[in-house]
Amino acid sequence: MRFQSIKFKIPSFFAIYLSVIIFMSIFLIVGHVQENSLEEKLSKNMVMSELMSKKIGTYLDSAMDDVVTSARYISERELTEDNIYYEIERLFDNYNYFDLVFYMSDEGRMIYSKPYNKVAIEEKTYTDRDYYNYIMENREPFTSRLYMSRVLNQPHFVLAAPVTVNDGLEGLVAAGIPLKEMKDEIGKTDSTFSGGIWVVDSFGSIIVNPYEDLVDDEITSMEHVVIEVDGKKTDMYDFLSTGKEGIGVLTRGGNEFYVAATFVEGANLAVLLEQEEDVLYREAYGVVNDMKFIALIIIAVGFVLGFILSRGITTPLNRLVDSVRAWSSGGSMNIETDRRDEIGELAATFKEMSVNLDRKVEELNNSVRRENETRQYLDNILMSAGNGIIVVDHDDRIVMFNRAAEEISGYESEKVINGDYHLFSDMIHCDIESIIGGLTKGGMGIMEKEVSLLSGYGRNIPCRIVCSRVRNALNEKIGYVLLISNLEVIKKMEEELKREDRLSIIGEFSSSIIHDIGNPLAGLNNLLDLYRSDMTDEEEKEEILGLIGDEIAELNKIVLSFLNFIRSNESKELDIDINHLVQEAVNIMRAEMINRDIKVRVSSDSDNIYANIDRRNFKQALINILKNAIQAIGEDGHIDIAIFDGELETRIRIRDDGVGMKEDELDRIFEPFYTTKKDGTGLGLSSAYKTVRDNNCKIEVSSAYGEGTEFVIAIPKEEE
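When we follow full-length UniProt numbering, the leftmost residue of the sequence shown carries the number 1, and every step to the right adds one.
Think of the hints as simulated: they come from the structure by calculation, not from any bench.
Among the clues, some could well be false.
[As the list claims (entries may be wrong)] Simulated DEER-style distance windows between Cβ atoms:
1. Glu76 - Pro462: 49 to 59 Å
2. Met383 - Asp420: 15 to 25 Å
3. Ser606 - Ser452: 24 to 34 Å
4. Ser606 - Lys44: 55 to 65 Å
5. Glu76 - Asp238: 39 to 49 Å
6. Met383 - Ser606: 41 to 51 Å
7. Asn96 - Ser468: 53 to 63 Å
8. Glu140 - Ser606: 33 to 43 Å
9. Thr80 - Ile446: 56 to 66 Å
10. Ile294 - Tyr237: 39 to 49 Å
11. Val602 - Met535: 57 to 67 Å
12. Met383 - Ile446: 20 to 30 Å
[Unchecked claim] Under the rule of at most 25 Å between Cα atoms (straight-line distance), these lysine-lysine pairs were calculated in the BS3-like manner:
13. Lys232 - Lys41
14. Lys44 - Lys54
15. Lys183 - Lys114
16. Lys627 - Lys599
17. Lys54 - Lys41
18. Lys55 - Lys183
19. Lys244 - Lys233
20. Lys114 - Lys124
21. Lys627 - Lys662
22. Lys232 - Lys44
23. Lys54 - Lys183
24. Lys244 - Lys44
25. Lys232 - Lys244
26. Lys54 - Lys180
27. Lys183 - Lys244
28. Lys244 - Lys55
29. Lys54 - Lys244
30. Lys244 - Lys41
31. Lys54 - Lys188
32. Lys233 - Lys41
33. Lys717 - Lys441
34. Lys698 - Lys662
35. Lys55 - Lys41
36. Lys44 - Lys55
37. Lys477 - Lys441
38. Lys55 - Lys180
39. Lys627 - Lys698
40. Lys41 - Lys188
Even for Gly, the Cβ is constructed at its ideal location relative to N, Cα and C.
Whole structure, please, built from the sequences with the hints as guidance.
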């Protein structure tokens, strides 16, 4: 047998490897256990004591939360006997871990308790209790030491919380926890622990005795024993009063005990987990003796099994290697075996592979060819699409940039592909990151936004960008696709429609204004004839001149309203403070609202709301809407103005509690010259509507007759 052969290497390797690993592992484990078993056992006891302390702390915190909740309930309501009795009854009935619930005044007298004890309430005072003195001084919840209950005549400790009214301390709510509840809580711990678990307070009073049940009518204290901690000996009571955690040794009944001591956070309670020295050493070193004998058996068995197992693998593998080597040289795969294990399956698999491999290779080549053709076909479709298509992968790189995107942006795909999309965003002066961020932050499937981008030709092009996620077959996000539509032609058509609409409205206005001007002109003509009459004296002429002036002023008012309405408002100002603009409009109308006893309230969910709008005309539109609200209210009403700053738009809501409008009036509210008021021109709300539309904003109105009216103006956010 050759030493380089697998027939020799595998058996030898298995035998030596298993022997060395098993021997070294057991040697290290035994040595480590012998060296650290006692320390690990004591450390485990300390951890167990800490867990018990935390468990008790959690139990007390939960109970204290219930007491604090009741104290707050009484504090926040009228301090009456009914409210006190109700909350004491509720706390006692709903939480079975309390044996007593009571309310105590700031004078240390018990007002009411459940269960009820007349003597304890009428004849006893409790100013000697530590929980009373602590709360009177600190006004904070407190967990007491162990007391004999004067109501129940049995030991318990008390959880208390202050009751305050208008920052004044009125008393406290307290609840007692009996020793049985604490022992039951400790009893839920690991029953396999071969020692005792004590729970005592800082004065040595026993709450849980692991070896015997406590009597119900008195408080039992621990015996005075000396405990040695960190090489220093001290009395057990002195050790408890320090609150210092650690592992100590004490002697009781001629036997030494190791004690792991921890304290319950927020309470004067200690957990003492003790274990007798002989028991501790038996548990610590018992496993070592067992492991020495087992180690020898495992080494011997492992050596023999390793050799047998390795030989069972190498022999059939060697035959399989010879057959595969012959097949790779161009021969046929001639493997005959009657084995039914993995080696037999491997041989059958190799034989089947020789038959199927050529067919699979041919199928793979055909599949790759079809995949390439399909990919090329899809790429041609995307590249020829009329809208710009940009695909961004999960690394923020642009992986597709079609011809339409080149035409819209003015940049060739070679300069953009494989580049970071943030750089392309800076090139076209368009915040693509905010569009993708809005899609991710809002949890939406599609994000659509109109923007203006700077093309490589130096022109600003209005576009609509639709962004959506790209997901793989596992529904995992792998990138984003941006669909860009050129809106230049659409915007030009919209402007043309606006101009035609304006001309149509001007025609309607011209007819209306001719009618409205005709009456004052006829009146002026009559007044002038009267003025020229010889029968008119000087005093009457002066009066006629005054009337002529009034008619001219009325004509001027109509003409100015008409001019303001038809004037084009194309100019916009940047970063107009919406909160300040609304407040200016309110201040202008404030005097009239005060005279009519109308109360106005303005609220905003953000101090920094800005928009690009025509400031002067937009303020006038707000004033016109406020005038409409004031006239609808008449006297003694309310106007509520709320400003909401959303991700896509800012909304201004103006709501009044005036007379409201009927359905037919609501349909014509924005028609020029339509008015229901005796002295109205019918151009105020029409002008407001036109101003809002000219600033690319939206206005909606809803009304209920007899209840009031609400206007909502939506100002879209624009790209910076």
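The hints, checked one at a time:
{"no.": "1", "hint": "Glu76 - Pro462: 49 to 59 Å", "result": "holds, 58 Å"}
{"no.": "2", "hint": "Met383 - Asp420: 15 to 25 Å", "result": "holds, 22 Å"}
{"no.": "3", "hint": "Ser606 - Ser452: 24 to 34 Å", "result": "holds, 25 Å"}
{"no.": "4", "hint": "Ser606 - Lys44: 55 to 65 Å", "result": "holds, 57 Å"}
{"no.": "5", "hint": "Glu76 - Asp238: 39 to 49 Å", "result": "holds, 44 Å"}
{"no.": "6", "hint": "Met383 - Ser606: 41 to 51 Å", "result": "holds, 44 Å"}
{"no.": "7", "hint": "Asn96 - Ser468: 53 to 63 Å", "result": "holds, 57 Å"}
{"no.": "8", "hint": "Glu140 - Ser606: 33 to 43 Å", "result": "holds, 38 Å"}
{"no.": "9", "hint": "Thr80 - Ile446: 56 to 66 Å", "result": "holds, 59 Å"}
{"no.": "10", "hint": "Ile294 - Tyr237: 39 to 49 Å", "result": "holds, 48 Å"}
{"no.": "11", "hint": "Val602 - Met535: 57 to 67 Å", "result": "holds, 59 Å"}
{"no.": "12", "hint": "Met383 - Ile446: 20 to 30 Å", "result": "holds, 23 Å"}
{"no.": "13", "hint": "Lys232 - Lys41", "result": "holds, 22 Å"}
{"no.": "14", "hint": "Lys44 - Lys54", "result": "holds, 15 Å"}
{"no.": "15", "hint": "Lys183 - Lys114", "result": "holds, 23 Å"}
{"no.": "16", "hint": "Lys627 - Lys599", "result": "holds, 14 Å"}
{"no.": "17", "hint": "Lys54 - Lys41", "result": "holds, 20 Å"}
{"no.": "18", "hint": "Lys55 - Lys183", "result": "holds, 12 Å"}
{"no.": "19", "hint": "Lys244 - Lys233", "result": "holds, 14 Å"}
{"no.": "20", "hint": "Lys114 - Lys124", "result": "holds, 16 Å"}
{"no.": "21", "hint": "Lys627 - Lys662", "result": "holds, 19 Å"}
{"no.": "22", "hint": "Lys232 - Lys44", "result": "holds, 22 Å"}
{"no.": "23", "hint": "Lys54 - Lys183", "result": "holds, 15 Å"}
{"no.": "24", "hint": "Lys244 - Lys44", "result": "holds, 18 Å"}
{"no.": "25", "hint": "Lys232 - Lys244", "result": "holds, 13 Å"}
{"no.": "26", "hint": "Lys54 - Lys180", "result": "holds, 19 Å"}
{"no.": "27", "hint": "Lys183 - Lys244", "result": "holds, 23 Å"}
{"no.": "28", "hint": "Lys244 - Lys55", "result": "holds, 19 Å"}
{"no.": "29", "hint": "Lys54 - Lys244", "result": "holds, 16 Å"}
{"no.": "30", "hint": "Lys244 - Lys41", "result": "holds, 21 Å"}
{"no.": "31", "hint": "Lys54 - Lys188", "result": "holds, 14 Å"}
{"no.": "32", "hint": "Lys233 - Lys41", "result": "holds, 22 Å"}
{"no.": "33", "hint": "Lys717 - Lys441", "result": "holds, 17 Å"}
{"no.": "34", "hint": "Lys698 - Lys662", "result": "holds, 22 Å"}
{"no.": "35", "hint": "Lys55 - Lys41", "result": "holds, 21 Å"}
{"no.": "36", "hint": "Lys44 - Lys55", "result": "holds, 16 Å"}
{"no.": "37", "hint": "Lys477 - Lys441", "result": "holds, 14 Å"}
{"no.": "38", "hint": "Lys55 - Lys180", "result": "holds, 16 Å"}
{"no.": "39", "hint": "Lys627 - Lys698", "result": "holds, 20 Å"}
{"no.": "40", "hint": "Lys41 - Lys188", "result": "holds, 21 Å"}
Violated hints are absent here; each numbered hint is respected by the structure.
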